[in-house]
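Trainee: Read off the chains here:
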Amino acid sequence: MGIITVLWEKWVEFRRDFYKITLAAMIAPLMYILVFGMGIQTISHGQPYLQFLIPGVVALTTMNGSFNAIAQNLNVQRLYEKAFDQVMISPTPLWQFIAGQIIGGSLRGIYAGCIIILLVLPIGISLCFNGWSFLIMFLNGAVFSTLGVVVSFYARTHTDVPRFSNYVIMPMAYLCNTFFSSDNIPHGLREVIQYLPLSQTSGMIRSIANGEPFSYTGIGILAVYLVVLMALSFGFLYKKKNL
Amino acid sequence: MIELKNLTKKYDDFTAVDGLNLTIETGDFFGLLGPNGAGKSTTIGMLSTLYLPTEGEILIDGEKLTRKNTALKRRISVVTQEYSMRQDMTVEEIMEYQGRLYFVPKKEQRERTQELLEFCDLADYRRRTVRKLSGGMKRKLMVCRALLTRPDILLLDEPTAGMDALARRQMWNLLKQLNQNRLTILLTTHYMEEAEILCGRVGLMDRGRLKEVDTPRAMIERLGRYAVDCMTDGEMSSRFFETQKEAIRYLSGLEEDASLRNTTLEDVFLYKAGKYLEKR
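If you're matching them up, the sequences are chains B and X in order.
The numbering used here applies: residue 1 is where the first sequence begins, and numbers increase by one.
The numbering used here applies: residue 1001 is where the second sequence begins, and numbers increase by one.
Since the hints were made in silico from the structure, they are not lab data.
C-beta: ideal position from N, C-alpha, C; glycine also.
Just so you know, not all the hints are guaranteed correct.
[What the hints assert, rightly or not] Okay, the calculated beta carbon distance ranges per label pair:
| # | chain 1 | residue 1 | chain 2 | residue 2 | range |
| --- | --- | --- | --- | --- | --- |
| 1 | B | Ile4 | X | Gly1062 | 24 to 34 Å |
| 2 | B | His158 | X | Lys1107 | 38 to 48 Å |
| 3 | X | Leu1052 | B | His158 | 16 to 26 Å |
| 4 | B | Gly39 | X | Leu1052 | 52 to 62 Å |
| 5 | X | Ala1161 | B | Tyr216 | 50 to 60 Å |
[Stated by the list, open to error] Keeping only pairs whose Cα atoms sit at most 25 Å apart, straight-line, the calculated DSS-like set for lysine-lysine is:
| # | chain 1 | residue 1 | chain 2 | residue 2 |
| --- | --- | --- | --- | --- |
| 6 | X | Lys1138 | B | Lys82 |
| 7 | B | Lys240 | X | Lys1005 |
| 8 | X | Lys1005 | B | Lys239 |
| 9 | X | Lys1010 | B | Lys239 |
| 10 | B | Lys239 | X | Lys1064 |
| 11 | X | Lys1132 | B | Lys82 |
| 12 | X | Lys1132 | B | Lys20 |
| 13 | X | Lys1138 | B | Lys10 |
| 14 | X | Lys1068 | B | Lys239 |
| 15 | B | Lys239 | B | Lys82 |
| 16 | X | Lys1211 | X | Lys1010 |
| 17 | B | Lys240 | X | Lys1010 |
| 18 | X | Lys1010 | B | Lys82 |
| 19 | X | Lys1068 | X | Lys1005 |
| 20 | X | Lys1068 | B | Lys240 |
| 21 | B | Lys82 | X | Lys1068 |
[Stated by the list, open to error] To be clear about the criterion: a stretch of chain B counts as covered by chain X if any three or more of its residues have a C-beta under 8 Å from a C-beta of chain X, and this derived list gives those stretches:
| # | stretch |
| --- | --- |
| 22 | 8-14 |
| 23 | 74-83 |
| 24 | 90-101 |
Kindly generate the complete structure, drawing on both the sequences and the hints.
Mentor: Below you can see the structure in the form of structure tokens.
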């Protein structure tokens, strides 16, 4: 099965770069927690700010972990190493290749998210992460892995991926219900931001972490993003005249 | 059997391959020759489904080749012009990845990897990453990888570029052996000697069009089996003769430095390429 092949490839990569991957997943989120949560000690919604911040950081770490695991890697394989040509030539069905990338990217996202959950355990903030949290993290990872596939396919140069990251991923990381509630964003922009996948993920993980019920609509919104992005990537692979 | 029917590839206003019609029989060793930009690699690209034709089609044993036709793709292996490999994988991992992509059973993949790496003198480098291999080793690895899947059709886009003379000879021997076992091979190369030695038939391409298809021998004989090279005013020119007698007669009448030799496929190529250039 082609999906297993891609997962094997991701495993080889993970095994080899284990320390690099782990450190990269830890540094930025730890900084956020140290600076915003512990350095600038504030109260949000009547609770310590860390209570609000940690679920947001877990969500954004999942996003970054998944997107970075796929976009840059696939872009290098396609434009620089040309290793992607061998996949195209091979009899592995291309949908399986994409599915493998999505699952592999999601797992990398979950791994990054889990590191943050483990690191904040000693802080002593009472947050709950259950099966739903991990399902949402997986779904969020799947959306951003697929976005990574799409971006790497449509990128024309090596610099397009970091550029996209700067213009889209980084603003999302700050604005999408991670460091502050999207309710505080001005009307008009708020409605747009609320429907972005990371806003939904942050909201749902935060609700679960605080023992509150969460809206299943968020899962539906993530699923819609996933379907649309998958359609774009399949369109590229099967219809594009020159790869 | 591979059939290319009216195969055309256009990039905006530029036509890279223009109405190519060609049949390659099962077990043929076919060489596609031509100057840079003639459309050889684009043709290989379409045969490997990396590029989709603008017009026309490719049939393999009567079945249309598409990106979705995984059964047909299973039968084709490609050695691309570029080192299309993950640079951070080891030689062993590259082989395993290929085996997995082509659904080769694990046991067979291991045995075949051992056999091929030993044959290509790469067994000692099995744990070395691709990044640390020399250009020639990378080429050999690409060929090993292509053969791992026991293809029916092998597409080779300049497979010996960057190899030293010894490695190239080894590769020729291997390709000859494979072709004797009824493997259909399509080769593009800039080494005319390679095409002359290996290919049963060759096609000359220019500006996307197939100008001529024949055996190397027939092409050489049409030009003349004997060549006289003559240096006039610092410039080398060659004349071709059907018989040795005619060539010697011409040679004896020359006052400049001149020599007699057998005509090669390179002479045919240079002669034809010159003609094509004149027509442009």
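Trainee: Are the hints correct? Go through all of them and say.
Mentor: Now for the hints, and whether the structure bears them out:
no., hint, in the structure
1, B:Ile4 x X:Gly1062: 24 to 34 Å, "holds (33 Å)"
2, B:His158 x X:Lys1107: 38 to 48 Å, "holds (39 Å)"
3, X:Leu1052 x B:His158: 16 to 26 Å, "holds (25 Å)"
4, B:Gly39 x X:Leu1052: 52 to 62 Å, "holds (55 Å)"
5, X:Ala1161 x B:Tyr216: 50 to 60 Å, "holds (58 Å)"
6, X:Lys1138 x B:Lys82, "holds (14 Å)"
7, B:Lys240 x X:Lys1005, "holds (21 Å)"
8, X:Lys1005 x B:Lys239, "holds (21 Å)"
9, X:Lys1010 x B:Lys239, "holds (16 Å)"
10, B:Lys239 x X:Lys1064, "holds (16 Å)"
11, X:Lys1132 x B:Lys82, "holds (17 Å)"
12, X:Lys1132 x B:Lys20, "holds (20 Å)"
13, X:Lys1138 x B:Lys10, "holds (22 Å)"
14, X:Lys1068 x B:Lys239, "holds (11 Å)"
15, B:Lys239 x B:Lys82, "holds (19 Å)"
16, X:Lys1211 x X:Lys1010, "holds (19 Å)"
17, B:Lys240 x X:Lys1010, "holds (13 Å)"
18, X:Lys1010 x B:Lys82, "holds (22 Å)"
19, X:Lys1068 x X:Lys1005, "holds (19 Å)"
20, X:Lys1068 x B:Lys240, "holds (13 Å)"
21, B:Lys82 x X:Lys1068, "holds (20 Å)"
22, 8-14, "holds (count 4)"
23, 74-83, "holds (count 4)"
24, 90-101, "holds (count 5)"
The structure shown violates none of the earlier numbered hints.
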